[in-house]
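**Q** The task is simple: from the sequences and hints, build the whole structure.
2 protein chains.
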Amino acid sequence: MEGRTVLKFFFLLLGLLVVLFFTHSPDHTPTNKATEFLDCSNYSSWCTFKNRFQPKTNNLNSPKKPKFINHNTQVPTHPLDPLTIQEIYKTRSILSSYPPFKSSPFTVHTLVLEEPEKPLVVKWKKGDPLLPRQVSVIAIINGKSHVLIVDLGSGQVIRDVVSSLNGYPVMTIEDMNSATRAPLADANFNRTIIARGIKLSDLACLPISTGWFGKKEENRRLIKVQCYSLQGTANFYMRPIEGLTVLLDMDTKKVVEISDQGRNIPIPKAENTDYRYSKVLNKVKLINPISIEQPKGPSFVVEDGHLVKWANWEFHLKPDPRAGVIVSRAMVRDPDTGNLRNVMYKGMTSELFVPYMDPTDAWYFKTYMDAGEYGFGLQAMPLDPLNDCPRNAHYMDGVFAAADGVPFVRSNMICVFESYAGDIGWRHAESPITGMEIREVRPKVTLVVRMAASVANYDYIVDWEFQTDGLIRIKVGLSGILMVKGTSYENMNQVPNGQNLYGTLLSENVVGVIHDHYVTFYLDMDVDGSNNSFVKVNLVREETSPGESPRRSYLKANRHVAKTEKDAQIKFKLYDPSEFHVINPSKLTRVGNPVGYKIVAAGTAASILDPQDPPQMRGAFTNNQVWVTPYNRSEQWAGGLFVYQSHGEDTLAVWSEKNRPIENKDIVLWYTLGFHHVPCQEDFPIMPTVSSSFDLKPVNFFESNPILRTPPNVEEDLPICRAAASA
Amino acid sequence: MEGRTVLKFFFLLLGLLVVLFFTHSPDHTPTNKATEFLDCSNYSSWCTFKNRFQPKTNNLNSPKKPKFINHNTQVPTHPLDPLTIQEIYKTRSILSSYPPFKSSPFTVHTLVLEEPEKPLVVKWKKGDPLLPRQVSVIAIINGKSHVLIVDLGSGQVIRDVVSSLNGYPVMTIEDMNSATRAPLADANFNRTIIARGIKLSDLACLPISTGWFGKKEENRRLIKVQCYSLQGTANFYMRPIEGLTVLLDMDTKKVVEISDQGRNIPIPKAENTDYRYSKVLNKVKLINPISIEQPKGPSFVVEDGHLVKWANWEFHLKPDPRAGVIVSRAMVRDPDTGNLRNVMYKGMTSELFVPYMDPTDAWYFKTYMDAGEYGFGLQAMPLDPLNDCPRNAHYMDGVFAAADGVPFVRSNMICVFESYAGDIGWRHAESPITGMEIREVRPKVTLVVRMAASVANYDYIVDWEFQTDGLIRIKVGLSGILMVKGTSYENMNQVPNGQNLYGTLLSENVVGVIHDHYVTFYLDMDVDGSNNSFVKVNLVREETSPGESPRRSYLKANRHVAKTEKDAQIKFKLYDPSEFHVINPSKLTRVGNPVGYKIVAAGTAASILDPQDPPQMRGAFTNNQVWVTPYNRSEQWAGGLFVYQSHGEDTLAVWSEKNRPIENKDIVLWYTLGFHHVPCQEDFPIMPTVSSSFDLKPVNFFESNPILRTPPNVEEDLPICRAAASA
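Going down the list, the protein sequences come from chains A and B. For the first sequence, full-length UniProt numbering begins at 1 and goes up steadily by one. For the second sequence, full-length UniProt numbering begins at 1 and goes up steadily by one.
Any given hint could turn out to be false.
Just so you know, same-sequence chains aren't split out, so a pair can sit in one copy or run between any two.
[What the hints assert, rightly or not] Computed cross-link-like contacts, DMTMM-like style, restricted to lysine to aspartate or glutamate with a CA-CA straight-line distance of at most 20 Å: (1) Lys90 to Glu217; (2) Lys283 to Asp717; (3) Lys563 to Asp81; (4) Lys215 to Glu548; (5) Lys475 to Glu465; (6) Lys285 to Asp249; (7) Lys563 to Asp336; (8) Lys598 to Glu303; (9) Lys285 to Glu314; (10) Lys556 to Asp610; (11) Lys125 to Glu542; (12) Lys144 to Asp251; (13) Lys563 to Glu117; (14) Lys475 to Asp695; (15) Lys587 to Glu508; (16) Lys144 to Glu174; (17) Lys199 to Glu548; (18) Lys556 to Asp361; (19) Lys571 to Asp304; (20) Lys279 to Asp610; (21) Lys283 to Asp336; (22) Lys216 to Glu548; (23) Lys254 to Asp186; (24) Lys475 to Glu271.
Keep in mind the hints are simulated off the structure, nothing from the lab.
**A** Take a look at the structure:
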């Protein structure tokens with residue numbers, strides 16, 4: 001028991017230090033010394049050297065050396081540029097003089113740019129003075145969630161509203177980290193771990209959002225902690241200590257309740273679970289080296305850190321701790337006029353919803369909302385050059401604030417690269433029918449913006465892919481590691497007929513539990529301007545009259561302009577098909593079609609949980625595949641501003657019920673991409689990527705094919721390559 | 001009228017020559033002179049130098065020089081190898097001594113390998129003697145469709161069955177070509193063309209399958225011809241002579257009927273319709289050169305012309321005049337045992353169905369079945385190196401027979417290449433939650449088999465993409481040129497309210513007519529052997545009992561093994577989701593799951609035409625997305641063996657109604673990929689590629705992730721490149 005006592009003492013000490021720090025926080029004023037700026041070890045123990053800016057891993061392989069981004073001296077140049085390190089420090093300094101922060105313990109949960117009003121941003125042009133810089137802060141002060149705006153120009157807190165909503169802000173990483181350690185301070189917890197034959201030093205624990213299921217989950221920030229054995233593998237996720245769930249108060253770090261079931265369930269074996277290349281046996285190399293090469297370098301530039309210009313596209317790109325990637329002011333050049341035309345004011349991952357399909361004690365609450373609970377961007381780790389992104393990729397760092405308001409750098413969080421898979425942009429060959437000697441083919445090259453968020457076990461790869469034909473493809477890839485359940489079964493032949501395992505037996509004693517993934521995107525379309533309409537183009541079967549035609553039926557496209565939000569609550573129907581357009585009713589093409597973009601789904605899945613099930617009420621933004629709302633600054637997060645332990649009172653589904661007018665208005669399109677995931681053995685011990693996507697596709701936006709005039713590939717343009725001498 | 005007389009004389013003469021040729025056809029015996037083998041100008045006027053083998057365009061850019069395929073000396077080495085030039089000549093020689101061919105005019109519509117019995121092929125191993133070579137011939141002799149088998153060993157016709165089915169064989173290219181010229185022999189036709197102000201020399205005509213709408217389309221081979229003006233553009237498709245439809249007897253080449261409507265509809269302008277790079281003005285180059293480079297060369301080999309070996313895959317590949325690409329004996333190597341395991345015995349495009357949505361006189365019959373009517377492979381033209389396929393692609397030629405039985409070579413008809421788009425095979429990074437220093441990422445490289453069929457205006461790109469994780473993705477890309485309709489309208493503001501244009505006004509006087517595309521795939525799955533079962537894994541909502549759980553609902557996977565064909569007539573339901581597995585019930589994984597593959601749809605569309613509409617009866621194979629039939633040699637073409645003017649009596653839908661047992665049998669999976677296409681201005685004058693796909697994905701086929709042991713990319717393996725001096 002010696003070890004436990006030492007641990008308890010350690011956590012007590014840590015707790016004291018934290019309290020000391022908070023109460024003395026204004027003393028921790030920023031200085032101009034770069035070392036201190038980037039040294040976040042004062043408080044944020046997780047903010048290790050990994051989060052320091054690492055120029056050496058940045059774009060190593062580019063033929064042109066990357067421009068070194070000096071975060072210490074960076075200044076914003078575009079109204080949407082994220083906060084710089086200097087601005088975050090200034091914000092922290094302003095807050096530290098603001099009375100509530102002075103007098104009470106606080107944690108900073110959000111500290112990002114408060115984007116200027118949309119009309120001002122739209123009007124702003126390069127060369128204009130930068131718009132006033134304001135900061136959106138969400139902090140818990142003395143147990144209350146405050147929504148603040150800090151004006152950097154005046155150095156004032158200009159708004160401070162205490163939230164009356166249920167739910168709490170995005171967890172800080174400090175919340176998550178401390179939660180994983182807190183159970184060790186509890187004697188009962190340690191006893192049961194040891195009784196299960198696990199060394200405390202082999203424990204790896206995860207903080208699991210509790211969701212909300214009624215009174216028990218109200219009026220305090222709660223989290224559940226479940227643990228795994230690290231013994232013999234880095235892939236502890238495959239070694240669950242099944243049935244042991246610790247309910248913690250996130251603020252006091254005190255254990256509220258321990259549910260200690262499933263002691264009879266063995267911890268699955270470590271063998272064959274480690275996926276690290278250094279650890280796998282029988283390594284195989286199936287494929288010769290292959291690389292995307294650009295002898296004259298990439299065709300894109302990233303101006304002033306965030307403005308991406310490529311081919312006929314231009315857009316602003318920034319990392320965000322909650323959304324991950326924010327694409328703003330996406331504009332495409334018209335091939336006829338040469339003018340840049342607005343397509344989308346802002347696009348981002350708004351929320352995720354990942355319900356697991358097991359109603360038992362240790363599983364029912366697993367209904368993650370990864371953006372609003374964990375911070376989708378906070379979980380986006382540095383990308384691995386040459387593997388996460390090909391050669392010639394440009395890497396962009398995230399600059400975020402820790403719980404104490406101190407900035408840190410998440411290096412290489414986003415990459416931008418050109419992709420060429422050998423695909424075809426357009427083609428036509430004359431056939432043997434006409435015998436004409438024509439064969440015209442254009443290769444397809446795209447620009448990809450990528451991030452990969454590791455929300456504990458799962459890895460979400462989010463791609464924004466821009467095509468020269470005006471199409472934007474948004475793709476979500478799922479990889480990483482399953483959340484698995486321990487079981488006493490080693491073979492399906494031991495499972496009594498009719499018993500529900502809630503998933504698939506993946507290996508001895510390991511069940512991959514069935515779950516869904518929903519990723520909801522916020523797409524503020526501005527097709528040639530802000531005032532747009534949403535049109536449902538419904539394909540209906542028309543029956544011909546007797547004698548009218550040898551045909552009995554054909555499809556007709558009926559256009560219906562949505563007047564209000566409820567007209568635009570769209571459930572896809574395979575046998576009642578429609579297209580969904582966002583058009584500008586005031587802008588017609590030469591022959592009189594309204595210019596537009598349509599949203600085109602690929603494979604998706606719909607939630608079929610009971611709409612009254614608490615998780616589905618919180619995740620009600622997945623009740624439809626498509627929604628359209630009038631633009632409203634405060635409606636950006638589909639699950640609500642405060643998602644953690646929310647009751648579902650502030651979701652997209654609730655806003656949409658207001659049934660506001662949406663015709664010829666500034667409107668926002670929402671799309672939910674879904675996956676049902678019944679795990680299979682191939683997902684063990686790490687999952688091959690499964691992807692799905694949807695497209696924003698021009699529809700009568702251009703007068704004609706916008707890539708008609710682009711050239712084919714010719715031999716003379718391609719590089720001359722040789723194997724590296726070392727290969 | 002001078003010109004007309006000359007033309008008439010020309011066609012009369014041509015007709016006479018054709019008749020002479022047919023009646024003297026046995027004289028045209030093959031010789032061993034290569035020049036004559038490859039010179040198909042004797043009869044096939046369309047079979048020009050374009051169809052000669054062109055080694056110079058073959059794989060120009062490969063660092064290794066391609067092996068030169070000498071079609072003259074090629075011999076089959078695998079039981080599924082397509083007929084060689086020698087074998088086609090030998091078949092022709094055997095047929096020419098066979099009495100019915102001697103005594104009557106004939107045309108050869110199909111002349112391909114009669115594949116040996118499946119069990120023999122499965123048993124055959126490299127080194128075994130080649131299985132007996134037989135030839136499947138479909139010929140029209142004296143107006144009757146004969147299905148013959150020619151045994152090359154014995155030199156005998158061993159089967160000759162006159163078809164009693166409605167419908168005719170795939171058109172020959174000679175049928176199509178002569179049809180486009182035949183109307184010129186009709187004075188009324190020429191009169192109306194001239195009256196419309198079109199020079200006969202500017203005419204380009206298309207042969208359009210008539211479908212079947214009742215008595216009028218029976219008992220003779222009919223075709224409809226519609227024409228366009230070539231004046232001022234190669235893209236005559238954009239210049240329809242609207243409303244003029246010539247009904248021809250395909251055998252007599254006589255005009256049966258001319259429907260001459262729409263004289264008031266102007267021919268749309270030629271301006272801005274030509275898509276050839278040499279003709280476009282204001283050329284733009286948006287992107288720097290980009291290339292997929294492989295410093296050590298590709299990782300695949302094509303053995304003996306048709307056996308592809310790549311990474312952990314091996315399969316047989318051949319061009320086919322009807323299906324296009326046939327992938328056979330696809331096997332994947334088990335990473336644990338090192339053994340090759342069967343996945344699919346045969347996969348191919350079985351049929352297409354492309355109904356247009358306009359019931360009026362000149363359009364109602366446009367309900368194409370491109371494989372059974374036009375020959376999907378016959379329309380696959382030589383691929384364009386560097387544009388249709390990247391550097392390092394391997395090109396495979398098609399060797400087919402013309403209407404007279406003489407072989408010809410369709411060079412570069414299929415390409416095989418490795419693709420790397422910068423995508424991720426699998427990844428995991430530990431998150432800030434655990435703080436562990438792990439970032440493991442594997443790049444995703446795939447092998448693509450591609451062909452592109454130009455069925456007159458449309459281009460279909462068909463990709464079979466093999467992944468190292470065992471997945472096969474089948475992707476269909478649509479590009480090429482719309483089939484458009486002339487209209488008197490130049491702007492939508494001229495169209496009376498409520499008038500149905502049957503499509504979109506794309507340019508002045510041009511309407512892109514709404515249509516669907518369905519591509520039906522034949523997938524003879526043999527998962528670890530021939531006897532397989534089809535399992536529907538239905539995800540259903542389970543409601544919890546009161547007090548059972550804070551959750552009200554969760555999803556449960558219910559497995560249902562299909563007993564008979566009707567159990568496996570699958571319509572996808574978004575709100576009643578299922579997975580569809582083909583399993584081997586006799587082969588279990590270590591932990592007792594049956595090994596299997598599942599079919600995973602991405603975006604698709606379903607036909608909602610009236611099931612009693614004649615086109616939908618003929619295309620009834622699109623009534624479900626998935627079907628499963630017991631293996632039957634004679635059931636490979638979803639629309640029936642004789643699709644041209646078929647009545648729908650011999651489709652997959654009819655076979656499936658037999659409701660035969662399919663549990664633990666050799667079964668065939670059928671999947672239909674659908675597209676609704678409401679044209680938009682971006683599709684004018686040539687369409688950016690639109691793609692959709694579906695996957696065959698291992699599900700408990702492997703014991704675990706089969707690509708766990710593959711290495712990440714490292715800098716040292718990648719090539720060192722420079723721009724070509726000429727660039």
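**Q** Hints first: check each against the structure and report whether it holds.
**A** Hints, one by one, checked against the model:
Proximity of Lys90 and Glu217 under a CA criterion of 20 Å is satisfied in neither setting, with 36 Å inside one chain copy and 82 Å between copies. Only between protomers do Lys283 and Asp717 lie at most 20 Å apart by alpha-carbon distance; the minimum there is 16 Å, versus 37 Å within a single protomer. Taking the shortest alpha-carbon separations for Lys563 and Asp81, neither the intra-copy value of 35 Å nor the inter-copy value of 61 Å comes in at or below 20 Å. In this homomeric assembly, Lys215 and Glu548 come within 20 Å of each other (Cα to Cα) only across copies, at 17 Å, whereas the closest approach inside a single copy is 66 Å.
Taking identical chains as interchangeable, the C-alpha atoms of Lys475 and Glu465 lie at most 20 Å apart whether they share a chain (8 Å) or sit on different chains (19 Å). For a Cα distance limit of 20 Å, the shortest separation of Lys285 from Asp249 qualifies neither inside one copy, at 49 Å, nor across copies, at 60 Å. In the homo-oligomer, the alpha carbons of Lys563 and Asp336 never lie at most 20 Å apart, since the shortest distance is 33 Å inside one protomer and 60 Å across protomers. Taking the shortest alpha-carbon separations for Lys598 and Glu303, neither the intra-copy value of 29 Å nor the inter-copy value of 46 Å comes in at or below 20 Å.
For a Cα distance limit of 20 Å, the shortest separation of Lys285 from Glu314 across copies, 16 Å, qualifies, whereas the shortest one inside one copy, 39 Å, does not. When the C-alpha separation of Lys556 and Asp610 is checked against a cutoff of 20 Å, the pair qualifies only between copies, where the shortest distance is 13 Å, while the shortest distance within a copy is 35 Å. When the C-alpha separation of Lys125 and Glu542 is checked against a cutoff of 20 Å, the pair qualifies neither within a copy, at 50 Å, nor between copies, at 56 Å. For a Cα distance limit of 20 Å, the shortest separation of Lys144 from Asp251 inside one copy, 12 Å, qualifies, whereas the shortest one across copies, 87 Å, does not.
For the identical chains of this complex, Lys563 and Glu117 are neighbours neither inside a copy (25 Å) nor across copies (62 Å), given an alpha-carbon limit of 20 Å. In this assembly of identical chains, the alpha carbons of Lys475 and Asp695 lie at most 20 Å apart whether taken from the same copy (9 Å) or from different copies (17 Å). With identical chains, the CA atoms of Lys587 and Glu508 are at most 20 Å apart between copies only, with a shortest distance of 18 Å across copies and 62 Å within one. Within a single copy, Lys144 and Glu174 get their C-alpha atoms as close as 18 Å, which meets the 20 Å cut-off; across copies the closest is 82 Å, which misses it.
With identical chains, the CA atoms of Lys199 and Glu548 are never at most 20 Å apart, being 82 Å at best within one copy and 34 Å at best between copies. For a Cα distance limit of 20 Å, the shortest separation of Lys556 from Asp361 across copies, 17 Å, qualifies, whereas the shortest one inside one copy, 52 Å, does not. For the identical chains of this complex, Lys571 and Asp304 are neighbours neither inside a copy (41 Å) nor across copies (52 Å), given an alpha-carbon limit of 20 Å. For a Cα distance limit of 20 Å, the shortest separation of Lys279 from Asp610 qualifies neither inside one copy, at 44 Å, nor across copies, at 60 Å.
With identical chains, the CA atoms of Lys283 and Asp336 are at most 20 Å apart between copies only, with a shortest distance of 11 Å across copies and 54 Å within one. In this homomeric assembly, Lys216 and Glu548 come within 20 Å of each other (Cα to Cα) only across copies, at 16 Å, whereas the closest approach inside a single copy is 67 Å. For a Cα distance limit of 20 Å, the shortest separation of Lys254 from Asp186 inside one copy, 8 Å, qualifies, whereas the shortest one across copies, 95 Å, does not. Taking the shortest alpha-carbon separations for Lys475 and Glu271, neither the intra-copy value of 34 Å nor the inter-copy value of 38 Å comes in at or below 20 Å.
Violated hints, listed in ascending order, are 1, 3, 6, 7, 8, 11, 13, 17, 19, 20 and 24; each of the other numbered hints is respected by the structure.
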